[in-house]
Amino acid sequence: VENVRLLDRSSGQRKANVGTLYLSATHTIFIENNPETRKETWVLHSMVCSVERPPATPSGSQLILRCKDFRVFQVLIPQERACLDVHASLVRLSRPEKYSELYCLSFNPNVNKEEREESWNFIDLQADYKRMGVPNNLWVSTVANSEYRVCDTYPAELFVPKSATPAVIVGSSRFRSRGRFPALSYFHQDTLAAVCRCSQPLSGFSGRCQEDEMMLQAVMKSNPGSDFIYVVDTRPKLNAMANKAAGKGYENEDHYNNIKLHFIGIENIHVMRSSQQKIIDVGEMRAPTMTDFLWGLENSGWLKHIKAVLDAGVFIAKAVADEGVSVLVHCSDGWDRTAQACSVASILLDPFYRTIQGFMVLIERDWVSFGHKFSHRYAHLDGDPREVSPVIDQFLECVWQLSEQFPCAFEFNERFLIAVHTHVYSCQYGTFLGNCEKERRDMRLRERSHSVWPQLWKDRSQFSNPLYKAELSQSQGILRPNTTPYCFKMWKGLYNHVEKSTPPRQSPADFLSAVREESHRLEEELTNHQEVPAGGTAHHSKQEDRGSHRETNHVGEDGGSEEEK
Amino acid sequence: MEFSDHIKTANVEDVVLRQPLHPPSRGTLCITGHHLLFSEREEGSSQQVLLLLRNIDAIEKRMSGSSGTITIKCKDLRVLQLDIPGMEQCLNISRSIETLSCLDNVSEMYPFFYRPTDLSLQDQWGLSTPEKHYTQMKELHERWRLSSVNKSYSVCPSYPPAVIVPNCIDDETLKKVAKFRQGGRFPVLCYYHRKNGMVIMRSSQPLTGANRKRCKEDELLLQAVIEDSDKGFIIDTRSSQQVQQARMTGGGFESKSFYNCWKRLHRQMERGKALQESLIKLVEACSDESHNVDRWLSKLENSKWLSHVQTALSTAGLLAECVERDGHSALVHGYEGTDCSLLICTLAQLIMDPFCRTLEGFLALLEREWVQ
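Listed in order, the protein sequences are those of chains W and H.
Numbering of the first sequence is given in this note's numbering, commencing with residue 2 and proceeding in unit increments.
Numbering of the second sequence is given in this note's numbering, commencing with residue -5 and proceeding in unit increments.
What the hints contain is simulated information worked out from the structure, not anything from laboratory work.
On a predicted model such as this, the values are computed, not experimentally measured, just so you know.
Quick reminder that beta carbons are idealized off the backbone N, C-alpha and C, glycines included.
Mixed in with the good hints there might be a few duds.
[Unchecked claim] Quick partial rundown of chain H residues pointing at chain W, CB under 7 Å, derived from the structure:
| hint | residue |
| --- | --- |
| 1 | Leu291 |
| 2 | Gln304 |
| 3 | Ser308 |
So here's chain H without its partners, still in its complex pose (with noise of 0.2 Å):
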């Protein structure tokens, strides 16, 4: 599939580019295989507007006579709005954006495509793994160990191919207990308290269903975490109502009488598309026109996403709280433990890592918690 296919016109001359906040402007615009480029015709004038088309996330057009209008909406929230002179031109740059933007093929993305000339691709690939992370904490040699159980993704798709457990927990145990957890996504570390030793686990849900199954290996490894200590803390972040209504579909948790070590708090957590459509709320408040306060407060506490930032942070400040003022470690899973159990574990280690709030050490913070 050549690029060059979907693009029947390349440059228009004499665009009109408006933004929101900026005066509108006079330029040149052009489409590649994975680009859209402004560049305005004023001499000495250098505004270049460089937009990947991927982060498109719609289009509208609007003829009117001879020329047309694309109103583009980016996924970081931009607008931008192209007068193009020319109907069939104006129809073949929207025709060109509606398919360049979502391709099916992943190797047709960009970064497949990039070559900046001072980078090689010999050079070092991501800042932070499991590996490099358990390598650089020595203290966790003492009690911890790093499993390649999952070199080949086998017994957990979604998991890394190096993941960290307690020393005692061979890879028998832990094939067992990706069974026992949903997309297999058994406990494993993700952060390691200097100060007092104790440690944050993330997972998904135990497969218990309705019939309330048990096993031994995953209570196995979780009696491992809390050898030293008293009790553990697990943080769902679903209601309790959520969590009983899970059995019913082979979901559910760690109950009080198999896991007699772990105290559970529950704290709801909103995700998919409720989150999605107060994040849609939230931008339609802030792009309303009509400079009413009222109506601006009003919108904004109707979309609720505030709310939910705040639950984000008052949730991560409980898991820093239990980690580091009562001494304790915790496990942190919701459904699939993909979204808001990730999202709780990195808040809680920028609150008690002040490595993590460098600038290298957020990023690998980023790569470890969410890319791997």
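So here's chain W without its partners, still in its complex pose (with noise of 0.2 Å):
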């Protein structure tokens, strides 16, 4: 559609510009007219959350589109007709029925098979169990589940006791919910003690089963340094004990010998959907004063869940490092709120978890091998909405909130984190497609589609930290964050990337990036005048520095250009 004005309302952008409208398969591209610039937007369908139609003005036929990376752009088309098709096309195209109709499928780098195979095995979750030390005398790796016929939801790979028979480990798995019995998520090596995670028992009132009791035991036998474990029930206790009228519930401390129970009280997926709805429109208010800022902030209730999700990760890692507490996590699926803690967890007790690479790893454990339910949550194709929920948005804020706190103890900046959230809900790679492994496997994902994280590595001088040194104390050992109130901010770089004014806010860890990167470079030419032989001419390296900065994928980059290449 020709002669279409765009304004990105995100941006901050005051006039709109005009240019032509292209639809394709899998993006909306916007080309301005303007000779000179001919700029580009590209917005992949699979980011559309929604599609409004306000009602036409004189001057033309309006589209918002709301993405789920929370950006908002302003379409105005002359024509009414124009306007409806391109309408009735992007309400269709943003909500497609199967997966064979997603971007992934279809994307294409030029890479071989070899390569996108290579990239498939860019993370390596065995290598870091063994990095855990494991498996050692406490904790084994296990077959039970290589088919997914223990658990269908769970990885095939898993790490359970050393004295959890195969007969335990089935006979557990068919008391909790999904057949999700305990298994290993993170070892820490210097206190003994281990982070499982599981699901709800089915227990109802008064139900038992020898097996899971057994299971819990050996979980407490795996940790020689203690003789009991916490169980964390992530929910709130209401609800906990609301499930047992359904015939599910919580652990009963009289039929388990040796366990603390401990509720954290985390809201369910519906509670955080709406409260993510809150936040985003306090995020899109124009101009708001401090008491509406402060009090959209406490009606949203957003930050209270944050630290929830904060406060669970700490107990955990307190438990695990300074008392050498084993712990076992569920919550109702062991799929949400249990990812979530037990990987904020790994976060405070790991310093591997907060470099770019540890980080990648840490999300293929406890995410995507554990079985999120990824193309529900983040609704990749038009499914339940019900199903939708922000939970991995939560756990990237705690992980940004974290880094607030501890400025030097992540490798990676924050644009680093929002790139995780545009591909966890972008489709354009097949990292995070599907429920569970068994699907993934089922579906052939790795020869039809690329794995996000090799992409993500490549570009990783752009979402390093330049106040990272991981032999800096802040980096090392374990995180201690204050959780009062009063240390959580709103995430404007998620939230709010309304830029009202130019020139842009100063960032110093950009400044301190630009300042390193310049040093670097005088120094290299430093060293190559002093190499020059005698007589010799010059090396200058300048063609080579050009090279290695050379542009690449920028999906969901502020600024509004989205090119694939």
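Bring the two chains, given one by one in their own frames, into a single complex with the hints.
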């Protein structure tokens, strides 16, 4: 459609640009008429959350595109007929019904089969378990689930306590919601305590299961330093109790010897979904007063939930590192709040997960391999809206809040977290497609799509935190965050891109990176000049420098342009 | 008066110090004429707390059995708790603190006793004065002069001895203007914007009163400020309503009829008791132990502290826009011209002048604007 006006509302753009709007199978593309810039704005259909059609004005018909990364585009189309067509197309295109419609299955960056296979092996979970010191004489690998027969949402490769026999595993899985029996998430070598995860027991009011009790006993025995374990139920106690009436519930301390039950009280996915909508609204407020803003923040309850998730991680980390007591974490199905609590705990406990590669490993382990329902939660397909919830959003935000408290402790910067967030929703890569490992295997994703991690790794210079130094004391050991309410901030970088005035804000981290680059370049030049042999010509390495800073993919970056190569 | 008169117990052993976010420590407490010193007893530990008694805002004491606890709330918002064995010792210490932390006589305060070894009293005093500022800013000399009409502080008791005024305004005129401004604080230059030659002036409110008194000299002075330009802005830190009411008590504003080249902009800013209440509420919100995010946000909003900060910054921004972006001079005042006016002028200078953002520039700014 020609003669269209596009306004990127979320970037504070005031004046709309005129250009031509194109609809492809995978993108909406807007190209400015201005012959000098011909600026392109690309929006993936899978990133579109909603398309609204406000009433027509004398200047034309409008469409408002809201994206899953909280960007908002306003489109003005002169002819009503064209507008209706575009609207209908976008609505259909942004609500794919089958996986085969998704971009990641047609996305083809120029790599061959071997490279694609390699890209899927870039993150090696088994290597990370080894790094943790597992398997050992306390924890062993089990083949019980190698064909996903015991639990179809769990990974094929799992670690369990040494004393847990296959019979115990199978028996325990029958007593757990969705068959998600207790398995190892993280092993803390210093204290020999472990973080384990599962789902709620199918105990009802008085049900018991010998194998499940033996399983928890085995978990305890796998920690010679302690004679009990914590069982952390991340649901509010009232909800957990209500589950009893449905034949599920939580562990009875009388039946399970040596457990101490602890409720954390993170709300469910429906509460979180509505809370996030409210904070998105806060982020979109134009020129709010301080009262509007603070009231909006309070009303959303969003920071309260973030704090709850962080508090869960803190409890687990303290138990494991300070008390040397193992923790078994669950919620209802063990794939939302459990994933959040376990991965936050890992971030606090182990500096490796605060590196770029470590973070990728963590997400692969506690989220991807352990069966978090990505496609349902992040609306990859047009499905049940009640399944949609910002679960991983909250985890990413907890990490961001931690990075604000500990600016030197993370190898990556905010941009990295936002990039991961965007890719969870974008379906440009196959990494987050589907709801569990078995589903991905059945879809043959490895052969039909690409993994996102190698691409992010390639771009890591943009995602590096210049304040990070692995040797610094702040980077090592356990993080002990302050979770007093006033320590939590609104994540402007995600919810409020609006830059009302030019020039843009200064980022000290960006300045530091630029200074470092310049120093590095000058040092190189100096070295090169010093290496000049007597009578020879100076060797200029400028060509190489320019090559290594080549721009690569920028999906979802501020600035409006999304180009895939 | 001897300080030792107020100190019945100077040293106490075995005192426990508690501070938020620190583990409790045991050590020796000392009281001197100006300080409280706590020294941790542990070997190898060098934890010391040296507190200036004037920094203490309030103390509470609680006796229980044979010992007592003194809670000290400092003006820098620190809170310390001391467990002191022995009821008599505890009472003596708390009495000493109460008296010595609010001595009336200025010359008994610590600065008169402070003798660092590496500084001499003959050394240079202060970083900046209007004289220094004027001398350093060569661009000012063309249209502005340094007047010492106030050299004995008789024209304006709260101004420094030298002030910067337009060249064409003589000292006699200034004396008349001072009589027309509250507290004698006639308009003086506080900032010269190199980029376009525009200035920021500050003053107190004109004493027009209910009868709409005029002062020719005041109008002349302000006209001289905007000589080369077509208009100037007056940023009044009071609402239009407050400004009308001010007339009833002898104050007022610069009306359009007499100051027709000056455009008034009103930005109401909170001061005095209301601002203090706001800070108290904020501190209270921060020390809430309930760990409840909703409570925190609600208390934060209720304190209105951030709203006041936002108003101050946006008003300073407005002032900076008038001078830098719109290219006009500005006059800032409220009632007395000693609180919000100084705040706005300082912030605007930080916004516009990179030198004010250096270490030296910042200290000089504070000295010139607030101290002098």
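Right, here's what the structure says about each hint:
1. Interface hint status for Leu291 (chain H): upheld, as the beta-carbon distance to the closest one in chain W is roughly 4 Å, under 7 Å.
2. This hint holds: Gln304 (chain H) has a C-beta 5 Å from the nearest C-beta of chain W, less than the 7 Å allowed.
3. The criterion of a C-beta within 7 Å of any C-beta in chain W is not met by Ser308 (chain H), whose closest approach is roughly 10 Å, and the hint is violated.
The structure is inconsistent with hint 3 alone, although it conforms to all the rest.
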